Amino acid sequence: MRTLIIGDLHLQAGLILPWIKNVIIQETIQKVVFIGDYFDQWGQCSNDRLYLSELNELLDFNRYAIANGIEVDWLVGNHDAPYILNTPEVYSSDNREVRMQIQDGLKLLKPKVTTKVGHFQVSHAGLMLDRIYKNIDFTTPAGYLELDHLNQEDGHHFSGYASPLWVRPDALMSSKSHYKH
12 MRTLIIGDLH LQAGLILPWI KNVIIQETIQ KVVFIGDYFD QWGQCSNDRL YLSELNELLD
72 FNRYAIANGI EVDWLVGNHD APYILNTPEV YSSDNREVRM QIQDGLKLLK PKVTTKVGHF
132 QVSHAGLMLD RIYKNIDFTT PAGYLELDHL NQEDGHHFSG YASPLWVRPD ALMSSKSHYK
192 H
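Residue 12 is where the sequence shown starts when you use the numbering used here, and the numbers rise one by one after that.
Any given hint could turn out to be false.
What the hints assert, rightly or not - Once the Cα atoms are required to be at most 25 Å apart in a straight line, the calculated BS3-like pairs of lysine-lysine come out as:
id, residue 1, residue 2
1, Lys-42, Lys-121
2, Lys-42, Lys-123
3, Lys-32, Lys-123
4, Lys-127, Lys-32
5, Lys-118, Lys-32
6, Lys-118, Lys-42
7, Lys-42, Lys-127
8, Lys-32, Lys-121
9, Lys-42, Lys-32
Derived by calculation from the structure, the hints in this document are not laboratory data. Note that the structure is predicted; figures quoted are calculated from it, not measured.
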């Protein structure tokens, strides 16, 4: 299956998604994986119009993909978890109503923590080698708690190398013993 994997969007969907649609057609792409971080950009916390436009772009792309038989996996990144969990960060939208609309929109996209592409397991930031990741239904209390754990405990507490949501490159470099080749 021809798959296109797209990195962080950070409020750039309006620029990037038209290009992705062209690539899908030109390269006969059958699956698209977005690895998260759809929202947030420094200096844009009060730009409600941009946040809502971004949300609409994502939802429109999802409808386009469904209508054209293209499989799409939406993964959760560290900038998405605060919207799902309703725990805004300093870089999140300042507007509670906008955050709630983003939360509802993300739930419609049914984001995952990881997805498999061929022989590769894909996440936003990394995977613990001794942990099995399952799809989490973020609309349930148990799923909500699991996402909160991944966002807080695995990422920040363990220097980020263990979390599928958040990692710092320096943590990876200082944790080479955690790599298996």
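Hints the structure fails to honour = Hint check: nothing fails, all pass.
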